[in-house]
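**Q** Sequence:
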Amino acid sequence: MIESMIDLLTRVVLIMEDGGSGKVVVLVDMDCFYVQVEKRLHPELKDKPCAIVQYNKWQGGSIIAVDYEARKYGVKRSLKGKEAKEKCPGIHLVQVPEKRRKADLSNYRKASGEVMKVLSGFTSVIERASIDEAFLDLTEPVKDYINSNSFDSLEFHADLKSTHVAGCNDDDDTHKDDCDLRISRGDWFKSSCSSDERVLIVAAILVQRIRETILNEVGFTCSAGISHNKMLAKLAAGMHKPNQQTILPQSQVDVVFSTTLLKKVRHLGGKLGEQVQDKLKIECVGQLQEYSLKVLQEKFGLKTGSWLYELCRGICHEKISNRIITKSIGCGKNFPGPSKLKTAKAVKYWLEQLSRELVERLEEDMTENTRQAQSITVHFLPEGQASSVARTFALPSYNTSLIVNNSWNAINKGHKPVTNEESHLTWTTGILNIHLSAGKFVQCGKGHMKSLLQLMSSDQECSFVSASSSHSSIITGKEVTQMTLCKEEREDAVLTTTPTITEQDQSLETSSMNITKFFTPIKRKGSLETQLDRNAKRREVVLEEIKGTLESDDDTIIDNQFEAVLCSECGEEVLKFVLEEHMDYHFALSLDKDSQIN
DNA sequence: ATTTTGACGCT
DNA sequence: AGCGTCAAA
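Counted the way the numbering used here counts, the first sequence spans residues 1 to 598.
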């Protein structure tokens with residue numbers, strides 16, 4: 001009974017030409033993004049087959065992006081650089097930059113930001129879906145455009161060269177079919193076209209402009225899918241690449257779905273897609289239409305069942321959030337097989353490297369987005385375990401030592417050493433991966449007029465932490481006085497951390513890694529901006545002093561960075577502000593020795 | 001020995 | 001909070 005009512009309602013919805021969404025949704029997807037970023041940086045690579053690799057010591061590195069020229073030779077993601085050379089001897093392999101002995105993706109994040117900025121010029125509703133993809137809600141812009149005067153004077157054939165309509169044989173130039181004629185002739189547009197297709201064609205004109213603007217302003221090509229919801233837009237975007245766009249109207253859904261493999265649909269590319277395929281013995285999305293809502297819910301649960309029921313009819317209610325910056329900032333590194341971390345020294349070294357990258361990125365994020373992360377989660381994968389372990393702790397200030405120490409404690413809790421010989425703890429099992437992720441961002445700082453306005457006007461994505469008096473919380477056994485997060489109170493916030501140094505910590509403190517003290521208390525006075533200004537000034541001075549020969553250093557604010565000290569390892573005089581890097585250098589040497597012994 | 005990310009759902 | 005899934009380069 002209920003089922004037949006839902007079937008009836010669904011049929012009614014389907015009579016509505018756009019599947020009931022009433023929206024215009026676009027997915028913009030950059031073509032082989034990392035390759036384009038590198039080619040912009042190295043124009044001589046233009047028109048040459050090219051792939052991006054991470055690292056290259058082992059098998060020529062792992063490929064993470066491939067341009068369309070190289071794809072012709074069968075070069076794919078996840079191949080080794082070496083294998084790519086075999087398939088395509090002329091290929092140019094560009095390495096991802098490395099910093100602190102790990103891959104550094106910041107160039108690509110910056111380029112992504114450039115694209116997002118251009119997109120924000122066209123519509124107020126943008127969802128960053130990944131580093132190179134964004135969903136746009138063009139419903140309003142399309143309405144505006146239709147209501148504007150320029151609408152009548154459209155010349156479709158001129159503007160829609162790179163536009164396709166899904167489900168039409170538009171690949172063969174000699175056999176232009178109905179779909180192509182539709183979009184290339186204004187007269188058809190005015191007379192013989194359903195209203196949902198009409199808005200999508202107008203959207204296609206806007207998307208064409210958006211893509212041209214991205215190319216002109218930041219120099220990247222992209223592809224796009226134009227439809228009524230996220231699922232269809234994403235599917236459409238993949239149909240014609242690179243540098244093209246595809247309309248997928250509701251009227252074409254059945255035709256397209258009759259040959260679309262399940263795993264090609266968003267969210268069905270993994271285990272669920274396999275389950276659906278196996279349980280129902282079907283291959284294509286369209287075949288799902290043969291199953292009642294009841295049966296789908298029995299087999300896959302209430303929620304997933306109704307999701308599948310609607311999905312195969314082209315209906316998808318996934319909301320487009322309004323957010324072009326990430327909700328978390330993280331970095332991690334794998335230590336596969338032979339390179340697994342076996343000593344406390346090695347773990348601390350990499351925690352230091354990861355923490356420094358994280359703090360660097362968090363500080364940039366703060367100046368860029370006037371927000372501050374409130375928590376860190378450390379993930380690590382002990383050898384022999386199926387899944388990684390995660391532990392979360394509070395982040396009262398952006399401080400490398402704090403992150404290193406809390407992470408170290410977290411890792412130690414469930415991972416006991418078998419021997420403990422003077423800063424050389426050894427575990428029965430090694431550590432195969434460490435990942436640090438900062439999250440729980442709250443808006444902060446001055447210049448809050450603008451950010452507050454943004455906050456108020458945007459949909460739920462941003463949330464306030466209500467301004468209240470300072471409170472303490474117990475997290476991972478450490479008492480932390482948190483700052484008040486909003487408004488004026490913040491100005492006078494003073495941070496204190498209460499150190500609880502364990503025996504193990506102290507034994508480690510003698511290790512060459514521990515340059516700064518654990519939980520160096522940080523007192524803050526004055527506004528955030530003042531702090532940032534000071535940091536910026538300090539960096540300028542430092543940069544001038546060392547003439548750009550060294551990475552600018554980060555975190556721990558020490559009064560006199562220019563005081564020289566004698567290095568305990570080599571006896572050289574070293575300025576304090578490069579001491580950490582200097583010790584890293586020694587440690588890297590010792591690690592290399594270690595690995596030679598092994 | 002793909003690696004390094006990031007979002008979200010489940011419990 | 002911690003784990004699992006899915007996805008992108």
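Don't read these hints as lab results, they were simulated from the structure.
Just so it is clear, the structure is predicted and the values come from calculations on it, not from any experiment.
One thing to keep in mind: the hints can contain errors.
As the list claims (entries may be wrong) - Mimicking EDC-like on lysine to aspartate or glutamate, the simulated pairs with C-alpha atoms at most 16 Å apart in a straight line are:
hint	residue 1	residue 2
1	Lys-303	Glu-318
2	Lys-76	Glu-86
3	Lys-72	Glu-83
Claimed, not checked - The following label-pair restraints were derived from C-beta to C-beta distances:
hint	residue 1	residue 2	range
4	Pro-336	Ser-251	34 to 42 Å
5	Leu-261	Asp-104	16 to 24 Å
6	Asp-47	Gly-270	45 to 53 Å
7	Leu-261	Glu-318	16 to 24 Å
8	Pro-336	Glu-212	38 to 46 Å
9	Asp-278	Gly-121	27 to 35 Å
10	Lys-72	Asp-144	39 to 47 Å
11	Ile-282	Leu-45	42 to 50 Å
Idealized CB from N, CA, C, for every residue including glycine.
**Q** Each hint: holds or not?
**A** Outcome of the hint check:
1. Between the alpha carbons of Lys-303 and Glu-318 the distance comes to roughly 13 Å, so the proposed pair stays at or under 16 Å and holds.
2. Annotation: proposed proximity of Lys-76 to Glu-86 holds, straight-line Cα distance about 12 Å (limit 16 Å).
3. Among the hinted pairs, Lys-72 with Glu-83 is consistent with the structure: their alpha-carbon atoms are about 14 Å apart, no more than 16 Å.
4. Distance hint for Pro-336 and Ser-251: a CB-CB separation of about 50 Å, inconsistent with the stated range 34 to 42 Å.
5. Evaluation of the 16 to 24 Å hint for Leu-261 and Asp-104 yields a failure: the beta carbon distance comes to about 36 Å.
6. Restraint check, Asp-47 to Gly-270: a C-beta distance of roughly 36 Å breaks the suggested window 45 to 53 Å.
7. Between Leu-261 and Glu-318 the Cβ separation comes to about 20 Å, which falls inside the hinted range of 16 to 24 Å.
8. Checked against the hint of 38 to 46 Å, the C-beta distance between Pro-336 and Glu-212 comes to roughly 43 Å, which is consistent with it.
9. Against the hinted window of 27 to 35 Å, the Cβ-Cβ separation of Asp-278 and Gly-121 comes to about 46 Å, which falls outside the hint.
10. The supplied range of 39 to 47 Å is met by Lys-72 and Asp-144, whose beta-carbon atoms lie about 42 Å from each other.
11. A C-beta distance of roughly 44 Å is found between Ile-282 and Leu-45, which places it inside the suggested range of 42 to 50 Å.
Comparing the model with each earlier hint shows violations of hints 4, 5, 6, 9; every other hint is respected.
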